[in-house]
Amino acid sequence: MKKLLLTIAGCALCSVAFAQVGTTLKEGAKATSEKSQQIGDQAKAGVEGQPDKAIDKTKAKIHKAKAHHHAKAAKDAAKDITK
2 MKKLLLTIAG CALCSVAFAQ VGTTLKEGAK ATSEKSQQIG DQAKAGVEGQ PDKAIDKTKA
62 KIHKAKAHHH AKAAKDAAKD ITK
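Under this note's numbering, think of the first position of the sequence shown as 2, with each following residue one higher.
Among the clues, some could well be false.
[Stated by the list, open to error] Derived pair list, reagent style PhoX-like, types lysine-lysine, alpha-carbon separation capped at 25 Å:
| no. | residue 1 | residue 2 |
| --- | --- | --- |
| 1 | K80 | K31 |
| 2 | K45 | K65 |
| 3 | K80 | K60 |
| 4 | K65 | K36 |
| 5 | K65 | K76 |
| 6 | K31 | K45 |
| 7 | K27 | K54 |
| 8 | K54 | K36 |
No lab work stands behind these hints, which were simulated from the structure alone.
This structure is a prediction, so every number in the text was calculated from the model and none was measured.
Please work from the sequences and hints to get the whole structure.
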């Protein structure tokens with residue numbers, strides 16, 4: 002009976018750890034995607050005329066903010082893995 006309870010407890014802990022790793026990877030991928038979109042918008046803004054340039058600069062700032070949010074979420078999820 003003790004072995005069964007230990008096995009169940011071990012499986013529960015492993016599933017929590019795997020969920021946190023999945024969250025970390027997902028948020029990290031989102032942060033990378035947003036960062037690449039930010040760089041693309043900045044590059045586009047560098048070669049365009051005034052009206053489109055302002056729009057692309059604004060989009061780049063939005064992507065930067067989203068990337069920062071996802072990176073922070075990934076970092077927090079990584080900290081929770083060890084708990």
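Each hint tested on the structure:
| no. | hint | result |
| --- | --- | --- |
| 1 | K80 x K31 | holds, 18 Å |
| 2 | K45 x K65 | holds, 15 Å |
| 3 | K80 x K60 | violated, 30 Å |
| 4 | K65 x K36 | holds, 6 Å |
| 5 | K65 x K76 | holds, 16 Å |
| 6 | K31 x K45 | holds, 21 Å |
| 7 | K27 x K54 | violated, 31 Å |
| 8 | K54 x K36 | holds, 18 Å |
In the structure shown, a violation is registered for the earlier hints numbered 3, 7, in ascending order.
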